[in-house]
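J.: Chain by chain, the residues:
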Amino acid sequence: MNIIGFFQYPIFLRALIACLLAGGILSLVGIVIVVLNLTTIRFALMHTALFGAAVALLLAFPPIWGALVAIAATAWFLGPLSDKLSMDTGLAGALFMTGSLALAFFLFYQAGVPAMEAFDVFAGNILALTREDIYSLTIIAFIIALSFGVYYREIQLVLYNSELAETLGIRSKRSRNIMLLVAGLSLGVAMRIVGALLVDAIVLLPALGGLMLGSSLLAVAAYTSLLGLITTVCGLLLALGFNWPLGVTITLTGVGVLFITTLINKFLKTYAK
Amino acid sequence: MVQTKKEAIKVQNLTFGYDQNPLLKTLSLSVEKGESLAILGPNGVGKTTFFKLLLGLYLPWSGEITILGKAIVSASDRVFARENIAYVPQERVTGKLPITVFDAVLLGRYAKGFKGLKKPRQTDREAVKEALAAVSLTEYATRDVSKLSGGQLQRMALARALVREAPIILLDEPVAHLDKGGKEELPYLIQNIQREKTLTMITITHEDINMEFDRILRLKDGQLKEA
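For the record, the sequence lines run as chains A and B. Counted the way our numbering counts, the first sequence spans residues 784 to 1056. Counted the way our numbering counts, the second sequence spans residues 193 to 419.
Calculated from the structure, these hints are not laboratory results. There may be inaccurate statements among the hints.
As the list claims (entries may be wrong) - Capping the alpha-carbon separation at 25 Å, the derived lysine to any residue pairs in SDA-like fashion look like this:
id	chain 1	residue 1	chain 2	residue 2
1	B	K288	A	I1013
2	A	K1049	B	K339
3	B	K417	B	L215
4	B	K217	B	V265
5	B	K339	A	Y1006
6	A	K956	B	L215
Only a predicted model underlies this, so the values are computations on that prediction, with no experimental measurement involved.
My request is simple: use the sequences and hints to build the entire structure.
T.: Below, the structure is given as structure tokens:
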């Protein structure tokens, strides 16, 4: 079957839509994560997802529901908690990470929760996406794109200098908390696509490339979106064409795209001199 | 509280602190329009906290703040305070966000309605160009802020305050962390701008600054005293 032929089947078409939305729009939250130095927070969110999955299994709910609720709750409470304890947000994330991991293992041992089923939330499968998954991905992508357009200047100010933003009347802590929540939800959705362990390919790698190439937030966003699209769509096409595992291929494509971006950036800087 | 038409800022019996510990104790101050005032004091005595109270970022425990005749009480009053006061922090590159000097100064126009994804208006562009020229940074307009020296960053922060066209400017340790050249050059620049535009200006500093002020006060034990 040729590549186009694949997309006559709903599962492949859904996978392509997911790649377009995730690569083109979800990748934008990576800019916030990288610029605000929140990279450790994604580990915290993933570990709380494991705890959420364990609780869901204990209560006989689908583990992914528990994982997503736990991610949303952690993302929502992380900012206010770090403010309350006068603690760096990354450090508060470490607290959540170790605490939730310990609690998850406590449930595995003491309540007999099947650990392997809980760990399944880490393994995403883009070909197993349902129509509802696509709806949730579309909603989160719409929220990200809308927020970016409406609150562009506020986001730029908070990312540039939150103290300055505050003096201009922007409630920068509240803005940061909302950004954290959207980032958390995006990570949760991205986890469904490539799996938690490979989520960086969608969320972080395109943003790292975008930050290298762009000279303003808008340019960074445009490059991030473009690199995200190349990563996910090329990854999907390569996987289908060569019958390679999907998540891994998307991730390796992301690594390759970032490597080429680094070379281009180096070349442009040398050329500019 | 009575405020004369000449007063830009009037503070009466202001008390504020952190965790039940008062830092500023029944502090009073009156600053006239066009006056240049310096507040001296070592680190930790509450100088920046005082600025944040003027900006309405903190609510006083007690006392009153009046800006340009308006008592700062409600949330809308605090918006009024921020519209009329430009704060110049100790500028430093805190993040990894790429931004040119022109764009970083343009951010000051946020208070003038430059929001969302809108392109800057002609008036915004003109204001930025004028401010960059005033601080001698025109040739650096397209440079990324991460490539600027400490003195240039501080000048850029001053330009951003100027584009706000606010009548009151608060300078927070403007020469801290600058080299010898910057410590001599920047105060001269600030003084000229203040006089040229007859701005009301309060400068807080913990070190000697080579600048003429109309008045110099010292913040000690939570109160302002003649230095």
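J.: What's the verdict on B:K217 and B:V265, does the C-alpha distance respect the 25 Å limit or exceed it?
T.: 19 Å, holds
J.: Taking only the CA atoms, is the gap from B:K417 to B:L215 under or equal to 25 Å?
T.: 15 Å, holds
J.: Sort out whether B:L215 lies within 25 Å of A:K956, counting only the CA atoms.
T.: This hinted pair holds, its Cα atoms lying about 24 Å apart.
J.: Can you confirm whether the C-alpha distance between A:K1049 and B:K339 stays at or below 25 Å?
T.: 17 Å, holds
J.: Does the alpha-carbon distance linking B:K288 and A:I1013 stay inside the 25 Å limit?
T.: 24 Å, holds
J.: Under the criterion that the straight-line Cα-Cα distance not exceed 25 Å, is the pair B:K339, A:Y1006 satisfied?
T.: With a Cα-Cα distance of about 22 Å, the restraint between B:K339 and A:Y1006 holds, given a limit of 25 Å.
In terms of the numbered hints stated before, the structure departs from none.
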